[in-house]
Amino acid sequence: MLYADFPFEEDTGLRDFHVRLDGVTGPRRWYRPQVNFWLDKASPFKPLPKEHAFALLEWGMNWCIATFSHHYLLLHAAVLERRGQCVILPGEPGAGKSTLTAALSLCGWRLLSDELTIIDREDGGIVPLARPVSLKNRSIEIIRAFDSGAVVGQAAHDTHKGTVAHLKPPTDSVRRMGEKGRAVHVIFPRWASGARIQLRPRAKAEAFMQTATHSFNYSRLGRLGFDLNAQLIDSCKCWDFEYSELEEALRTFEELTR
Amino acid sequence: MTSGLLPLLQVLRNPGSMSGMSDDAWDLVLRQAASAGLLGRLGALATQMCPSEDLPAAAKTRMQSAMTLAGQQHRAVVWELAQLSRAMADLQGPVVLLKGAAYTAAGLAPAAGRTFSDIDILIPKTQLDAAEAALMLHGWHGNHHDAYEQRYYRDWMHELPPMTHIARQTVLDLHHNILPETARIKTRPDLLIAAARPLADHPRFSIPCPTDQVLHSTTHLFHEGEWGHGLRDLVDLDALLREYGRSPGFWNDLLGRARELGLGKPLFYGMRYCHRLLETPIPRETMEKCPQRPSPLAAWIMDRLFLPAFGTAHHTGHTTLSGVASLCLYVRSHWLRMPLGLLLPHLAKKSWQRRIKPLLDKPQGEVQVGMGGPPARSNDMPP
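Heads up: the sequence lines are chains A and B, in that order.
Going by our numbering, the first sequence opens with residue 1, and the numbers climb by one from there.
Going by our numbering, the second sequence opens with residue 259, and the numbers climb by one from there.
Mixed in with the good hints there might be a few duds.
Stated by the list, open to error - Here are the simulated DSBU-like pairs of lysine-lysine, each with C-alpha atoms no more than 30 Å apart in a straight line:
| hint | chain 1 | residue 1 | chain 2 | residue 2 |
| --- | --- | --- | --- | --- |
| 1 | A | 41 | B | 318 |
| 2 | A | 168 | A | 136 |
| 3 | A | 180 | A | 136 |
| 4 | B | 607 | B | 383 |
| 5 | B | 318 | B | 607 |
| 6 | A | 50 | A | 161 |
| 7 | A | 50 | A | 136 |
| 8 | A | 136 | A | 46 |
| 9 | A | 180 | B | 547 |
| 10 | B | 444 | A | 46 |
| 11 | B | 608 | A | 41 |
| 12 | A | 41 | A | 161 |
| 13 | B | 444 | B | 318 |
| 14 | A | 237 | A | 136 |
| 15 | B | 383 | A | 46 |
Bear in mind the hints are in silico, worked out from the structure with no lab data behind them.
Based on the sequences and whatever the hints tell you, model everything.
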């Protein structure tokens, strides 16, 4: 359902990752069944209940990229695009990054990724993933209420992150997943109940340090990591953004990219 | 017996054959290389030997990623050596780097694209206490606090329990010999240390002379119990032999040195499998004149054990005998390390600690991976 728009390819040729989910063997195959995530012949995680299978697949695939794709600079940040301008959203857990990402993707923004900003070392372009958006706990209801047409997968309850469900990526974002994006804004969002909406410029040196800290492989890339991150921050406007109402936040984003 | 691994072996033998390889072949070779810990090595070979336009983009990026990690480890080792030379400044006598750290610090043939997990250092046994004290003063601490583990390492082994730096988390193995004190084969670490050569870029450290690099590599490989790195270690050995084998007199020096250090047998097996699996050019008469050469029957049996074990790196290299062979080699490695009177009580103690004691103790806390992913299996992460 969530991957309905993705092209289906034969299982031949050169693949980045060979991943698979499998029921465990032994008693837990029948009694409260569990599943394992496999990368080729290794299973890096402890098995999870069968109901968490889809979430495990998504986490596993993110883990593969974050652990093995060091030909890119990888930031822990969402990234979306409007009118050819990409907006990068690094965020601490609980900052409202996924809710904002889901809402923007439902309002005509192109989704590149909700978790991983992938920066190409050759040209500094942003490589899209356009995979389902992970929603946690309250944000599942918020998004359902925000758009009654939103396609949200079955919720997995009692995961280590609470309840998790995934939102289908926009069809157009999937269709355009071969098109790299160009970053124009880096926005550090912070949701706070009752907060007045505020968009304030962020000093570039601080923004640099913060994106470097939010990277999965900044130090592994050495000088290249520094250069790519510097190039990104140099070419972007950087902002601190505080909000409480989703509708207001969307208006601000719309104006910023007009 | 290692025929499942043939695609990887073929490109290691002849890196130029990567040009124009089909996507299906690439897919298999890259998976085999990744699980053998050789993806970075393959990348280095491809960069040297193949025109870039002959390689598929997806293969290039995979190898580039592994080479990026190798590059970071290289920088980390150079930095670590700078720290260590301060910590060990007042120590008497040479400090010899072994294996990965030696290859990297001296820019030797196996270094390109190689990744490793710890730094191995060899010092005279008389300096062991002083070295341990100096390292502890500079933030290195041992991870094995159990009294039995301490005794195992200090009385019987050739190294101290691994030490980890408190801030940088790098792991250091401090050796005073290249074989356990209790091992069947006895060697002379003093001769190895005496012949070591100082490094121009890191004056506090030395590396073994070329013949001793080869002998240590073969000795390490054929006393190993865990075979996950077997092929990677063989590739190191292949690179050393190809490099040094070109200089006149090397092969004779190697045989003489093997006799002197009593390491003819591991050298024989090392050369045999390098030649068989990687087609390393080794003169026939060197093989024939190798000291302590095992009997043809012993060699026949060892072939049945070693060849399947080299294939355990990837499931496509597994045969019905791989599991049995790996078990035999595990037993053999312990047999070579200790006399039976020590070995049996040791194995009994270890199986109690590994299998039974955890069932009686409370479960350990779960390890979390980045991005708040699901709990990771400890000790079971892919490379």
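Verification of the supplied hints:
1. 41/A <-> 318/B: holds, 22 Å
2. 168/A <-> 136/A: Holds, at about 14 Å.
3. 180/A <-> 136/A: Roughly 28 Å between the alpha carbons, so the hint for residue 180/A and residue 136/A holds.
4. 607/B <-> 383/B: Since the Cα atoms of residue 607/B and residue 383/B sit roughly 27 Å apart, the hinted pair holds (cutoff 30 Å).
5. 318/B <-> 607/B: Not satisfied, since the Cα-Cα distance of roughly 48 Å exceeds 30 Å.
6. 50/A <-> 161/A: holds, 16 Å
7. 50/A <-> 136/A: Roughly 18 Å between the alpha carbons, so the hint for residue 50/A and residue 136/A holds.
8. 136/A <-> 46/A: holds, 21 Å
9. 180/A <-> 547/B: Distance of about 61 Å is beyond 30 Å: violated.
10. 444/B <-> 46/A: Roughly 43 Å between the alpha carbons, so the hint for residue 444/B and residue 46/A is violated.
11. 608/B <-> 41/A: holds, 27 Å
12. 41/A <-> 161/A: Cα-Cα ~27 Å, so holds.
13. 444/B <-> 318/B: Given that 30 Å is the threshold and the Cα spacing comes to 45 Å, the pair is violated.
14. 237/A <-> 136/A: holds, 29 Å
15. 383/B <-> 46/A: The given pair, whose Cα atoms are some 43 Å apart, is violated under the 30 Å limit.
Checked against the numbered hints above, the structure violates hints 5, 9, 10, 13 and 15; every other hint is satisfied.
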